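J.: In the working numbering, the protein residues as written are 13 to 682.
Hints should not be assumed to be uniformly reliable.
[To be verified] Pairwise CB distance ranges (calculated):
1) Ala137 to Gly282: 25 to 31 Å
2) Lys100 to Asp586: 54 to 60 Å
3) Glu477 to Gly667: 28 to 34 Å
Hints listed in this document are in silico derivations from the structure and should not be mistaken for laboratory results. Being a predicted model, the structure only gives us computed values, none of them experimental. A virtual CB, placed ideally from N, CA and C, is assigned to each residue, including glycine.
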Amino acid sequence: MRLVASMWAIPVGLCLLGTAFADDLATPGDAKSLGFSASRLARIAPWYQARFDSFSPSDGLLPGAVVAIAKGGKLAYLQAIGFQDRAKTVPMRTNSIFWIASMSKPVASVAAMILVDEGKLDLDAPVSQYLPELANMRVAFQKADPATGEMEYGLGLPKPAKRAMTVRDLLRHTSGLIYPELDFAYPERGLADASADFGIRTIHGLYGLRAVRRRDTTLAEFVSSLARLPLAHEPGEVHEYGWSAEVLSRVVEVASGQPFDQFLESRIFGPLHMVDTGFFVPKEKLDRLVDSPMPERPPIWDVTTPPKLFSGDGGLVSTAPDYLRFCQMLLNGGELDGVRVLSQHAVKQMTTNALPSGVTIFGGDEVGARAGTTFGLGFAIRTDPVQSWIPGAVGSFSWAGHWSTYFWIDPAEQLIGVQMIQATPGSKGRQAVLYSGINHLVYGALTIPESSAVPPVAPATLSPEALADYAGSYDFGATVSSRDRQGLADGKTGWLGIGNFVAMEQEGLRINKPNPGGGPATKAGVTAGDLITEIDGAPLRGLALADVLAKLRGPANSTIKMKLVHKGQDGVNDLSVVRADRRVNSVRLQLRVEQGKLVAEATGAWPILEFEKGKATPFVATSSNEFTAADEDRTWIAFVRDAAGKVSGLILNPGPWEQHAAKIALGPDF
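Turn these sequences into a full structure, and let the hints guide you.
T.: Okay, structure coming up:
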């Protein structure tokens with residue numbers, strides 16, 4: 013498609029009481045009026061720069077980024093950081109162009125839902141209704157080895173699928189279609205060894221050999237090549253990231269009667285004024301194209317010439333201002349600048365859990381960046397603050413690209429964040445910048461509304477002994493959002509390190525690969541291939557995966573008892589594992605007494621409100637149990653005591669924006 017040559021998109025933000033104006037996202041507004049602290053937003057650029065200084069392109073990280081933050085339909089922050097080339101000669105610009113890879117998938121999903129709105133596409137219709145070549149798909153051979161209980165995967169004689177894959181399956185990645193390589197599908201999870209152990213690579217490798225997907229092929233040709241391959245899973249039974257969005261793109265072509273690129277231009281990019289988004293970068297804009305962190309792009313990633321394959325799976329390029337407009341349309345319930353792209357009902361469907369009962373995202377995340385999430389029709393959706401390591405309200409939805417572009421939308425806070433960066437999958441640089449950093453910094457920059465501030469109270473005088481009772485370390489858990497206060501900060505959620513790639517079999521839970529970084533389960537003797545048959549005296553036979561994962565969770569420092577069969581052995585082993593404290597990425601305040609005053613300093617992984625490492629904030633007692641600070645938020649602390657009268661925790665700013673922390677005992681190595 014031809015990209016519009018205009019330099020700037022003019023985003024339109026959400027207006028809660030009426031129509032928003034086109035200037036609302038063009039220039040950053042006053043941070044304070046939008047509910048942010050300007051000084052705390054200013055933490056963002058140095059955080060990225062510190063990572064660019066620590067990692068280089070040889071570590072898989074390009075030395076530049078663009079970050080855009082909007083709240084309440086207005087631009088709060090738009091910053092170009094570093095450089096857009098590996099040689100550090102071309103400064104990054106706010107409208108620099110990035111390959112957004114899998115952030116193309118939400119765009120393809122919106123395209124499909126436009127047709128659902130118009131009655132041209134049926135979510136529950138078989139895909140073969142639109143693509144007859146995918147009728148009568150068969151499923152690859154899978155069975156348990158009777159000697160070891162190990163699940164075997166192979167080609168054999170594929171069996172007919174229990175039911176046809178549907179359009180809904182494509183949107184939620186339960187179609188049974190997969191990627192050529194597991195480590196390509198889940199680059200951050202290091203699953204190559206697991207796939208080798210279990211023969212899954214046989215099927216994935218077949219996709220790599222026979223799925224004809226090149227820039228010089230069409231979507232129609234690609235889909236035809238898939239018709240000759242078996243599905244890896246029964247439709248609707250397993251969520252596995254794969255070629256579903258690519259097939260969905262072809263469905264859009266057939267249902268709309270337009271080439272996919274033309275449909276996106278006429279129905280999404282044009283109406284939303286996404287002037288720099290498309291399937292390639294024209295010559296006049298190449299000076300704004302951000303380098304790959306890799307020395308050379310493989311051909312499928314070459315975005316400098318027009319392709320024949322209009323990949324809704326991962327082919328788009330875009331800018332932070334453009335993608336912010338796309339996000340704002342979704343946050344607005346499908347409308348932007350007076351133009352409706354989607355119905356509110358469609359947006360609601362897309363951002364509500366769509367996975368069948370017992371099916372979990374990525375086969376079940378016990379811990380990690382995707383823990384506490386499920387999947388809708390095109391997005392990951394935050395569901396469980398206790399399990400999540402990323403702040404934000406329940407119902408926030410997000411996705412990321414193969415090279416670390418990332419966005420999230422928080423309807424409760426009316427907040428959008430877009431990170432444009434390029435980092436090689438699986439690299440140290442990618443781990444340094446993806447997910448949690450930008451989320452923590454943005455939520456940490458939110459201010460407390462003045463109407464909720466504690467009213468002035470005369471200072472109280474407390475003895476040194478009384479002040480000493482409050483000294484100690486207080487843990488807020490892994491997140492710093494006021495929306496996460498429901499039990500998150502009790503410090504009691506434990507971790508086993510069972511791993512992200514597990515599967516339910518008839519007799520129990522198969523551990524295909526424990527957590528790559530180790531963990532309590534690994535130290536206790538759980539290895540790849542083990543089959544857990546019983547947890548705390550309850551057999552797992554016949555249970556759904558979600559029920560088993562719930563049994564694995566529990567308080568930190570609690571013991572879980574398992575019966576398991578080691579790979580290649582016959583006997584059943586008894587194993588006890590103590591859940592670890594999951595506070596390595598926690599947010600903490602250290603309170604101490606200095607010169608007769610109680611002072612606070614952030615000592616965890618992230619700052620919180622005005623509190624930072626190396627900065628002591630003094631508090632004034634206003635009662636025997638309450639203190640205030642003369643900071644930007646007029647932060648108010650109310651301490652919590654246990655049944656014995658001992659200080660057991662604190663609440664920052666009691667009320668609608670309160671955040672809880674538990675007082676913890678620290679080891680000698682803290």
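J.: If a hint holds in the structure, say so; if it doesn't, say that too.
T.: Quick rundown of the hints versus the structure:
{"no.": "1", "hint": "Ala137 to Gly282: 25 to 31 Å", "verdict": "holds, 28 Å"}
{"no.": "2", "hint": "Lys100 to Asp586: 54 to 60 Å", "verdict": "holds, 57 Å"}
{"no.": "3", "hint": "Glu477 to Gly667: 28 to 34 Å", "verdict": "holds, 30 Å"}
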